[in-house]
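FYI, the numbering for the sequence shown is 1 to 130, going by the numbering used here.
These aren't lab readings, by the way, just hints derived from the structure by calculation.
Do not take every clue at face value.
In silico lysine-lysine, DSS-like type, Cα no more than 27 angstroms apart, as pairs [what the hints assert, rightly or not]:
1. Lys-111 to Lys-126
2. Lys-26 to Lys-39
3. Lys-111 to Lys-69
4. Lys-26 to Lys-16
5. Lys-16 to Lys-97
6. Lys-39 to Lys-69
7. Lys-16 to Lys-126
8. Lys-111 to Lys-16
9. Lys-69 to Lys-16
10. Lys-26 to Lys-69
11. Lys-69 to Lys-126
12. Lys-26 to Lys-111
13. Lys-126 to Lys-26
14. Lys-97 to Lys-111
15. Lys-39 to Lys-126
16. Lys-16 to Lys-39
Distance ranges between label pairs, derived from CB positions [as the list claims (entries may be wrong)]:
17. Met-1 to Gln-100: 17 to 27 angstroms
18. Arg-52 to Ser-83: 13 to 23 angstroms
19. His-15 to Arg-98: 30 to 40 angstroms
20. Gln-27 to Thr-102: 36 to 46 angstroms
21. Leu-115 to Gln-19: 24 to 34 angstroms
Beta carbons are placed, not taken as given, at the ideal position from N, Cα and C, and that holds for glycine.
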Amino acid sequence: MLVLMTRPPTHSLAHKALQFCQAYAKQMYADNTLSTELKIFFYGDAASIANRLRWQPDDQINLTQDWQKFAHQHGMTLPVCVSTALARGVCDADNAKRHQLTGDSLATGFKLVGLSELAILMDSHKVVTF
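Kindly produce the complete structure, drawing on both the sequences and the hints.
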């Protein structure tokens with residue numbers, strides 16, 4: 001299954017996507033098939049979730065940290081579309097250097113990738129978009 005994230009971190013569906021993935025992972029662990037079944041891709045406004053510089057008040061959900069925890073627990077790297085990430089101020093060290101930006105902002109556990117990565121993931125038997 002591919003979960004295609006497109007919503008900004010402030011949208012209620014962005015949190016629902018994480019809850020969905022947590023429930024799906026729990027079920028897949030019961031069936032011992034998580035590593036081959038669950039794929040996640042951050043695109044469009046969802047690229048903002050990968051920004052390590054996003055600040056959240058203590059009384060709000062920090063989706064960046066929650067996705068990092070999820071990825072760490074399940075041994076995953078979270079792919080983010082490089083074009084939509086750069087357009088939203090999210091960059092890794094390589095792109096910061098290439099585009100002459102001051103510093104990087106990509107959170108640990110996320111990885112900037114091209115759309116060819118999404119094309120490969122689209123072979124999944126089911127695609128769920130949030």
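How the hints compare with the structure:
1. At roughly 23 angstroms between alpha-carbon atoms, Lys-111 and Lys-126 fall within 27 angstroms of each other, so this suggested pair holds.
2. Distance restraint check for Lys-26 and Lys-39: the Cα-Cα separation of roughly 14 angstroms lies within the 27 angstroms cut-off, and the hinted pair is therefore satisfied.
3. Pair hint Lys-111 plus Lys-69 holds up; C-alpha atoms about 15 angstroms apart against a cutoff of 27 angstroms.
4. The straight-line distance between the Cα atoms of Lys-26 and Lys-16 is roughly 15 angstroms, inside the 27 angstroms bound, and the hint therefore holds.
5. Using a Cα cut-off of 27 angstroms, the hinted pair Lys-16 and Lys-97 is violated, with the two alpha carbons roughly 35 angstroms apart.
6. Restraint check: the Cα-Cα separation between Lys-39 and Lys-69 comes to about 16 angstroms, which is no more than 27 angstroms; the hinted pair holds.
7. This hinted pair checks out: Lys-16 and Lys-126 have alpha carbons roughly 18 angstroms apart, not beyond 27 angstroms.
8. With a C-alpha separation of about 22 angstroms, the suggested pairing of Lys-111 with Lys-16 holds against the 27 angstroms cut-off.
9. A threshold of 27 angstroms between alpha carbons decides the hint, and for Lys-69 with Lys-16 the separation of about 16 angstroms falls inside it, so the pair holds.
10. Straight-line distance between C-alpha atoms of Lys-26 and Lys-69 comes to about 14 angstroms, which keeps the hinted pair within the 27 angstroms bound.
11. Pair hint Lys-69 plus Lys-126 holds up; C-alpha atoms about 24 angstroms apart against a cutoff of 27 angstroms.
12. Taken as a hint, the Lys-26 and Lys-111 pair is honoured in the structure, with Cα atoms around 24 angstroms apart against an allowance of 27 angstroms.
13. Distance hint between Lys-126 and Lys-26 is fulfilled; the C-alpha atoms sit about 18 angstroms from each other, no more than 27 angstroms.
14. For the proposed pair Lys-97 and Lys-111, the alpha carbon gap of about 16 angstroms is at most 27 angstroms, so the pair holds.
15. The hinted pair formed by Lys-39 and Lys-126 meets the criterion: a straight-line CA distance of about 10 angstroms does not exceed 27 angstroms.
16. Annotation: proposed proximity of Lys-16 to Lys-39 holds, straight-line Cα distance about 16 angstroms (limit 27 angstroms).
17. Look at Met-1 against Gln-100: about 39 angstroms separates their beta carbons, and that is not inside 17 to 27 angstroms.
18. The supplied range of 13 to 23 angstroms is met by Arg-52 and Ser-83, whose beta-carbon atoms lie about 19 angstroms from each other.
19. Between His-15 and Arg-98 the Cβ separation comes to about 33 angstroms, which falls inside the hinted range of 30 to 40 angstroms.
20. In this structure the hint that Gln-27 and Thr-102 lie 36 to 46 angstroms apart at CB holds, the actual value being about 43 angstroms.
21. The hint said 24 to 34 angstroms for the Cβ distance between Leu-115 and Gln-19, and at roughly 27 angstroms that hint holds.
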